[in-house]
Amino acid sequence: MGKRTFSLGGVHPHDNKISRECRIEPLPLAPAVYISVAQHIGAPSVPCVAVGDKVKVGQVIAEPGGFVSAFIHSSVSGTVKSIGPRADLAGRPFTHIEIAVEGDEWLEEIDRSDTLVTKIPEDNKAIIEKIRRGGVVGLGGATFPTHVKLSPPPGSKCERVIINGCECEPYLTSDFRTLLEKGEQVVVGAAILRQVMGNVPCTIAIEENKPEAIAHIREVIAKLGFEGIEVMVMKMMYPQGGEKQLIDAVMHRQVGSGALPISVGAVVQNVATALAVYDAVQKNKPIIDNSVTVTGECFPRQANLLVRVGTPLRYIIDHLGGVPADAAKVISGGPMMGRAVANLDAATVKGTGALLFLTEKQTRRAPETNCIRCGKCADACPMGLEPFLLQKLARAKDTEALEANAAQDCIECGCCLYSCPAHIPLLDHIRVGKGFVMSAIRARAAAAKAAAEAAKK
Amino acid sequence: MTNTIIWTIAIITVLGVVLALVLFLVAKKFRVEEDPRIDEVEKVMPGANCGGCGFAGCRAFAEAAVKAPNLDNNFCPVGGNDVMAKVAAILGYEVAAKAPQVAVVRCNGTCEARPRVNEYDGFSSCFVKATLYTGDTGCSFGCLGCGDCVGACQFGALSMDPATGLPVVDESKCTACGACVKACPKRIIELRPKGPRGMREYVSCLNKDKGPVAKKACANACIGCGICAKTCTHDAITVEGNIAYIDPAKCKLCRECEAMCPTGAIHGVGFPKPLDKDAVKARIADRKKKAAEAAAAAKAAETVKKED
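Sequence order for the protein chains is W and E. All residue numbers for the first sequence refer to my numbering, where the first residue is 1 and numbers rise by one. All residue numbers for the second sequence refer to my numbering, where the first residue is 1 and numbers rise by one.
Treat the hints as calculated values from the structure; they're not laboratory data. Each hint should be verified, as a subset may be incorrect.
[What the hints assert, rightly or not] Among chain E residues calculated to face chain W with C-beta under 7 Å, some are:
1) D121
2) G122
3) F123
4) T131
5) Y133
[What the hints assert, rightly or not] Here are the simulated distance ranges between beta carbons:
6) R395/W - I5/E: 58 to 66 Å
7) G156/E - C48/W: 51 to 59 Å
8) G156/E - L260/W: 46 to 54 Å
9) K449/W - A20/E: 52 to 60 Å
10) Q154/E - A404/W: 50 to 58 Å
11) K250/E - A404/W: 44 to 52 Å
12) N49/E - A404/W: 24 to 32 Å
13) K288/E - R364/W: 30 to 38 Å
14) R364/W - D82/E: 22 to 30 Å
15) E368/W - M199/E: 41 to 49 Å
[To be verified] No more than 27 Å apart at the CA atoms, straight line, and that leaves these computed lysine-lysine pairs for DSS-like:
16) K182/E - K230/E
17) K186/E - K397/W
18) K230/E - K277/E
19) K182/E - K81/W
20) K376/W - K235/W
21) K194/E - K277/E
22) K283/W - K56/W
23) K216/E - K81/W
24) K288/E - K329/W
25) K392/W - K186/E
26) K81/W - K210/E
27) K182/E - K397/W
28) K216/E - K329/W
29) K230/E - K299/E
30) K392/W - K182/E
Glycine included, each C-beta is placed from N, C-alpha and C at the ideal position.
Construct all of the structure, not just a fragment, from the sequences and the given hints.
Next comes the structure, spelled out in structure tokens:
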């Protein structure tokens with residue numbers, strides 16, 4: 001079988017995985033952590049502790065604020081110091097729970113041993129409840145609550161679980177290291193996910209630039225003897241890790257505009273999510289830490305760190321020797337989709353995957369020139385959109401035309417911006433345009449709901 | 001040869017007459033009856049089509065004004081009272097004179113007072129910048145400095161001052177159409193009455209953070225200390241959400257709040273003389289002293305009465 005990839009668009013940035021040899025090492029505890037109550041897609045969680053309370057590692061400190069929401073647990077043991085607004089990466093205030101660290105005392109029900117538990121409980125409902133109680137969210141970037149994804153709406157049927165180990169973003173190596181160091185746990189997590197979805201086949205998709213991980217996972221599957229799990233080697237291509245792109249690559253099925261992956265019978269979960277599922281189900285350990293790649297050519301010490309949720313970014317950076325003098329930009333995430341950090345005092349969240357340092361030369365944008373009608377952006381778009389058109393429409397604030405041209409389907413991968421020879425800030429504008437369309441769609445939905453309620457009365 | 005020419009002329013003439021007749025009949029049949037006053041009103045409008053009145057343009061305003069039962073909800077900010085008087089004369093309505101307004105920038109976070117904590121390298125637009133993050137200074141309420149308001153102004157009344165990084169309003173050109181108010185994603189521009197002889201007093205800050213946070217981000221920020229509200233003898237100042245607001249309808253332009261403001265967030269413009277802070281402070285102290293003395297005297301008188 002030849003190596004697969006998705007059929008439309010995509011680009012080939014240099015993968016720059018300079019931190020690939022760095023083992024995941026635990027970061028020493030910070031003096032205080034700041035845990036956001038809005039670190040997943042959906043409704044923010046509601047704090048259920050009060051200032052002055054003593055908490056242990058793994059204790060629930062915030063409960064879901066709706067169906068699409070998640071539990072949040074204390075990542076440290078200590079005293080709750082304050083509950084109030086604190087600036088996030090972009091400087092916007094969100095409610096954070098500040099906990100002063102005292103010792104490292106874990107809840108007793110959490111199994112902290114290294115023994116691999118391969119026996120999967122039989123009751124699927126209990127497994128999903130454990131995943132929900134463990135606060136598991138998609139760690140590939142979108143932080144969508146996993147239990148919601150695992151409870152497909154009636155009428156839809158899952159045919160394949162895909163474990164996303166592509167890590168197509170340049171520089172990032174935390175998933176790669178997880179596959180190498182915690183391969184057994186990831187495979188058991190995959191087996192759990194596959195059982196929950198009704199014993200469907202499971203594919204672990206890994207890009208060809210990680211041959212060690214491919215060999216290791218194949219070995220682990222053979223050793224553990226799980227059936228129905230296979231490794232699929234993918235061609236290197238960005239954005240292969242995008243949900244819709246990965247389904248296209250693995251199953252040759254296309255998810256329609258506005259549809260969910262389950263509509264074509266697929267459920268995609270990230271490698272780190274599979275590990276979190278294993279931890280939650282087999283070890284009773286909720287998400288309290290995640291691995292973060294700290295990298296960049298100008299950064300003296302590459303590292304993959306196991307960081308407790310809520311650790312201030314500045315603490316992580318200072319631990320590794322501080323911000324290098326020639327770094328011009330710090331990005332949370334990879335260079336393609338990551339967001340620039342405007343506030344180093346912000347704390348990590350469950351979905352924080354990397355901190356990347358770029359120099360002035362690497363990051364400075366070239367001045368914008370006129371569109372030369374080369375069409376490279378349309379060729380590169382993995383969603384089959386026309387970025388040159390969308391950015392014009394977004395500048396003109398033409399919401400109707402933007403919606404007609406499917407601006408809402410943009411996955412903000414940045415391929416258009418990456419390929420544009422005229423350096424037009426395509427994605428900047430399309431993102432704004434997508435915002436217009438999404439608010440128009442939401443307004444329509446709200447109006448329809450209000451009308452339906454009025455009709456009922 | 002001559003025959004051909006004669007025939008050509010004859011045919012074209014007949015054709016012309018027939019078509020003219022058709023056009024005449026069609027025009028008569030499909031004639032749209034329109035109030036002639038709409039055209040008259042449109043003629044006296046400034047013709048800027050800026051949309052400041054809330055309608056799509058001057059013609060739309062004229063149509064709405066003719067239909068409306070009175071002119072209370074129709075006001076052309078560009079033409080002001082002069083134009084409205086003319087419109088009222090045409091339509092036979094009464095119109096009350098409105099105080100002329102002007103755009104006021106409610107941020108005084110100059111480059112000096114509000115140090116940049118990061119550098120923005122994206123597309124130069126306040127709107128795009130505001131969708132990404134809170135801005136390149138510590139203040140998340142202040143001016144973003146990309147000049148969306150300047151681009152929105154059709155009258156050339158706004159410009160960015162490179163020294164302060166803030167927009168400057170040219171009062172002589174500003175028509176108070178409100179385009180800049182809508183263009184600013186931080187809503188820092190407010191339309192305020194121009195004031196008597198152009199004198200007005202306002203709080204040039206919108207930072208709702210608590211005092212120390214606001215002060216750390218910007219030396220000129222309103223810290224919500226409330227000294228101005230306590231000083232004001234006209235009950236014109238309210239402090240809500242860590243930010244003071246001067247009600248232009250109540251302000252008597254005594255400038256006492258401006259003198260007392262510890263951060264200089266209150267601005268007075270259009271005054272003939274610069275503010276002599278010490279003199280005003282002395283005046284306030286003197287007034288307070290007298291009031292205290294009067295209160296003490298009253299108390300003493302009361303106790304004397306009781307003793308009696």
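How the hints compare with the structure:
Of the supplied interface hints, the one on D121/E holds, with its beta-carbon coming within about 6 Å of a beta-carbon of chain W, less than 7 Å. At a threshold of 7 Å, the smallest CB-CB gap from G122/E to chain W is about 5 Å, leaving the interface hint in force. Hint status for F123/E: holds, given a least beta-carbon distance of 4 Å to chain W, under 7 Å. The criterion of a C-beta within 7 Å of any C-beta in chain W is met by T131/E, whose closest approach is roughly 6 Å, and the hint holds.
With its C-beta approaching chain W no nearer than about 4 Å, Y133/E sits inside the 7 Å limit, and its interface hint holds. One distance hint, 58 to 66 Å for the beta-carbon pair R395/W and I5/E, holds here, with the actual separation near 59 Å. For the pair G156/E and C48/W, the supplied restraint of 51 to 59 Å holds, since their beta-carbon distance comes to about 57 Å. Checked against the hint of 46 to 54 Å, the pair G156/E and L260/W passes, with Cβ atoms roughly 51 Å apart.
The hinted range of 52 to 60 Å is satisfied by K449/W and A20/E, whose Cβ atoms lie roughly 59 Å apart. Distance hint check for Q154/E and A404/W: the Cβ-Cβ separation is about 30 Å, which falls outside the suggested range of 50 to 58 Å. For the hinted restraint 44 to 52 Å between K250/E and A404/W, the CB-CB distance of approximately 51 Å keeps it satisfied. Between N49/E and A404/W the Cβ separation comes to about 28 Å, which falls inside the hinted range of 24 to 32 Å.
Restraint check, K288/E to R364/W: a C-beta distance of roughly 57 Å breaks the suggested window 30 to 38 Å. Taking 22 to 30 Å as the suggested C-beta distance range, the pair R364/W and D82/E does not conform, at roughly 52 Å. Under the hint 41 to 49 Å, the C-beta atoms of E368/W and M199/E, about 44 Å apart, fit the expected range. Between K182/E and K230/E, the direct Cα distance comes to roughly 33 Å. Violation of the 27 Å bound is thereby established for this hinted pair.
Among the hinted pairs, K186/E with K397/W is consistent with the structure: their alpha-carbon atoms are about 18 Å apart, no more than 27 Å. Of the supplied pair hints, the one linking K230/E and K277/E holds, its CA atoms being roughly 17 Å apart against a limit of 27 Å. With a C-alpha separation of about 41 Å, the suggested pair K182/E and K81/W falls outside the 27 Å cut-off, and the hint is violated. Under the criterion of a C-alpha separation no larger than 27 Å, the hint pairing K376/W with K235/W is consistent with the structure, at around 21 Å.
Restraint check: the Cα-Cα separation between K194/E and K277/E comes to about 23 Å, which is no more than 27 Å; the hinted pair holds. For the hint linking K283/W to K56/W, the alpha-carbon distance of about 16 Å falls within 27 Å, and the restraint holds. Pair hint K216/E plus K81/W holds up; C-alpha atoms about 22 Å apart against a cutoff of 27 Å. The suggested pairing of K288/E with K329/W is violated, with an alpha-carbon distance near 55 Å, which exceeds 27 Å.
For the suggested pair K392/W and K186/E, the alpha carbons sit about 24 Å apart, so the restraint of at most 27 Å is met. This hinted pair checks out: K81/W and K210/E have alpha carbons roughly 19 Å apart, not beyond 27 Å. As the CA atoms of K182/E and K397/W are separated by approximately 14 Å, the hinted pair is consistent with the 27 Å bound. With a C-alpha separation of about 23 Å, the suggested pairing of K216/E with K329/W holds against the 27 Å cut-off.
Under the criterion of a C-alpha separation no larger than 27 Å, the hint pairing K230/E with K299/E is consistent with the structure, at around 23 Å. A hinted pair counts as satisfied when its Cα atoms are at most 27 Å apart, and K392/W with K182/E qualifies at roughly 21 Å.
Checked against the numbered hints given earlier, the structure breaks hints 10, 13, 14, 16, 19 and 24 and satisfies all the rest.
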